[in-house]
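Q: Listed below are the residues making up each chain.
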Amino acid sequence: DARVTQTPRHKVTEMGQEVTMRCQPILGHNTVFWYRQTMMQGLELLAYFRNRAPLDDSGMPKDRFSAEMPDATLATLKIQPSEPRDSAVYFCASGLLGTPKGNTEAFFGQGTRLTVV
Amino acid sequence: LAKTTQPISMDSYEGQEVNITCSHNNIATNDYITWYQQFPSQGPRFIIQGYKTKVTNEVASLFIPADRKSSTLSLPRVSLSDTAVYYCLVGDGPFGYSSASKIIFGSGTRLSIRP
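Just so you know, the sequences run in chain order G and S.
If you read the first sequence in this note's numbering, its first letter stands for residue 169, the second for the next number, and so on.
If you read the second sequence in this note's numbering, its first letter stands for residue 1077, the second for the next number, and so on.
Please note that a few of the clues may not be correct.
Said to hold, decoys possible - Straight-line Cα separation of at most 25 Å, DMTMM-like style, residue types lysine to aspartate or glutamate; simulated pairs: (1) S:Lys1145 <-> S:Glu1093; (2) S:Lys1178 <-> G:Asp239; (3) S:Lys1145 <-> G:Glu273.
Hints in this document: simulated from the structure, not taken from any laboratory.
Pulled out of the complex, with its shape left as it was, chain G reads as follows (with noise of 0.2 Å):
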């Protein structure tokens, strides 16, 4: 039963700390999402990559959060140093898109619950 899995599920740090979440897509995925989901903002696009190279990442604040995929079974989002508004459920999703063979639904993660107090 393929799956996106994510670590942590649960975070509490302190403001000032570095966070790094894991997501592992689904083998043979090509594309990765990172989505922040809160109350006031909804699920919103932070970055996406395509073959491990980063496509779009206009969507996170570029001083503080960086997003990377190391190799094909790794994709890390990185906040340094985090701050009581980074507090937000961030999911990892993966799909196979953007391709001769068509696109696939996106498959979501569990989440990583961020708390930054």
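Starting from the structure of chain G, add chain S where the hints point.
A: Chain S in isolation, oriented as in the chain G frame:
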């Protein structure tokens, strides 16, 4: 990407049929309409996708009129477990090919089912 508009919230009762309508006046010729469902504390999951007329699967039906400027997600005989947020999205479909394909969510419709 075409903008979508859907009701913020809806209430219904167990056993009823629920129809959620989404407006997408600027839908492009190549765009498909996709619906996702999100339960509390979970990520969204795909429900159904269509291009025109009617699509039905084991979970829902999707009705799309000829002008494609709106679509209606129909949930037959809902139960308490259908309480969730439902998102309507418009964009590249299963046979689309765009190097910049991405998936953008709107505000969604919060559906509450009561006993």
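Q: Now, for every hint given, state plainly whether the structure supports it.
A: Verification of the hints:
Only pairs whose Cα atoms come within 25 Å are accepted, and S:Lys1145 paired with S:Glu1093 is accepted, the gap being roughly 23 Å. A distance of roughly 20 Å separates the Cα atoms of S:Lys1178 and G:Asp239; the hinted pair therefore holds under the 25 Å criterion. Proximity of S:Lys1145 to G:Glu273 is assessed by CA-CA distance (about 22 Å); at most 25 Å being required, the pair is judged to hold.
Violated hints: none; the structure is consistent with every hint.
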